[in-house]
Amino acid sequence: MSQIAQSIAPNRVPEVTVDFWLIKLMAVTMGETAADYLAVNVGLGLTTTSLIMAVVLAAALALQFAQKRYVPWAYWLAVVLISVVGTLVTDNLVDNLGVPLLATTIAFAIALAITFLVWFRSEGTLSIHSIFTGRREAFYWLAILFTFALGTAAGDLVAEQFALGYFSTGILFGLIIASLAIGYFFLGLDPIVGFWLAYIFTRPLGASFGDLLSQPNAYGGIGLGTVLTSAVFLAAIVLIVAYATFASRDTQTS
Amino acid sequence: MPLSLKVPRRTVPQLLLALVLIAVPVAGFSTVEVLTASKDAPVGLGDMQPFLTIVSDIQTLATGADLAAAKQRVTDFESAWDSAETSLRAKNPELWTAIDDAADAALHAVRAAKPDSEQVSSTLAALMAALTSANA
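Protein chains in written order, with the working numbering: chain L, 694 to 947; chain Z, 19 to 154.
In case anyone wonders, no lab produced these hints; they're calculated from the structure. Treat the hints with care, since some could be wrong.
As the list claims (entries may be wrong) - Sample of chain Z residues facing chain L (criterion: CB under 7 Å; computed from the structure):
no., residue
1, 35
2, 39
3, 40
4, 42
5, 43
6, 47
7, 49
8, 97
9, 105
10, 108
11, 111
Said to hold, decoys possible - Far from chain Z, by Cβ distances over 12 Å, these chain L residues were calculated:
no., residue
12, 708
13, 838
14, 882
Even for Gly, the Cβ is constructed at its ideal location relative to N, Cα and C.
I would like the entire structure built from these sequences, with the hints used as guidance.
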């Protein structure tokens, strides 16, 4: 694709800024608590809930692909739903099919590695700043899907192996992300490598804080419940996304 | 096209750097966890009374041959047990697994298309015993 075409075709995914990570973190927190709510309280059972949410996710992704540019609400709707479905898929594999967490962690890591390899061979870059074709966007969302699945499996595995509570698990993954940030800012860690690793580890970080807030006191949580926790985070996401929408509209018109 | 995988020149050092960046906090965290783990950690899983109450209900309903109600109460147990998983497992993984296995057997027995009353009562009794031993 020529330079001119590149400058005309807009990037279809957001730039990685502080509010990007803020919304991403809140989206995974909400994904965890909303998935718990849907599976436990709505009473459709884990399998039916997963199937319904997968269909909703497919619709949201179709909507996102149709935009052909970055539209905050469509993009973040897809991320929130990937977060919910990713949690449900892991719960299904572990609870219904009895697949060990170590096996799912390794399988998702391999799937993610293959995605990056095929993406790189096909496009010659893994840059998240030049997602302007349907094929690159497909690679991008496939990688996102696997990072969520991998983050969920790895987080559950660590919580199980180390027998940690919600808070300690959160601290551990917070430390890893802080270390990656130091690597990126001071030690020359590649931005693309750093981005995807941070993307994986924000999943268990957000999930443990979601559980910490929503689970009852008796189970080591703060006891806000899944409904209130999901609603608070959803409201915060909507506010920031709305702000991002109107702020970008201002810059476009000025 | 040859099968050689064209990866960027700096891939290997980058992945090593990433590995170190992940390993350092994990090692530090594990060390602190091991050092601060108290020797007199609780052996039980805490207050099991809510679970004991539900299982006792299931036993009453199952012996009274009200299997529909027993199945309903089994679902109550399952949701309560599942939502407590992360914190209970953290207290004592072995005890938790023992109860979880006993619960699976009891759930399976009660939910069978044609429940075997002997199997139902024995698996429920085993679950009751497992819960009681963890009640501390």
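Verification of the hints:
1. 35: Hint holds; residue 35 (chain Z) Cβ to chain L Cβ min 6 Å, cut 7 Å.
2. 39: 4 Å, holds
3. 40: Result: holds, 6 Å to nearest chain L Cβ.
4. 42: Result: holds, 6 Å to nearest chain L Cβ.
5. 43: This interface hint holds because 4 Å falls under the 7 Å limit.
6. 47: Status holds, d = 5 Å.
7. 49: This hint is violated: residue 49 (chain Z) lies away from chain L, its Cβ roughly 12 Å from the closest one there, beyond 7 Å.
8. 97: Holds, because the Cβ-Cβ distance from residue 97 (chain Z) to chain L comes to roughly 5 Å (cut-off 7 Å).
9. 105: It holds, given that the least Cβ distance between residue 105 (chain Z) and chain L is near 4 Å, below 7 Å.
10. 108: Status holds, d = 5 Å.
11. 111: Holds - the Cβ of residue 111 (chain Z) comes within 7 Å of chain L, reaching about 5 Å at its closest.
12. 708: 22 Å, holds
13. 838: Label holds. Min Cβ-Cβ 21 Å, cutoff 12 Å.
14. 882: Residue 882 (chain L) not clear of chain Z: closest Cβ-Cβ about 6 Å, inside 12 Å.
Comparing the model with each numbered hint stated earlier shows that hints 7, 14 do not hold.
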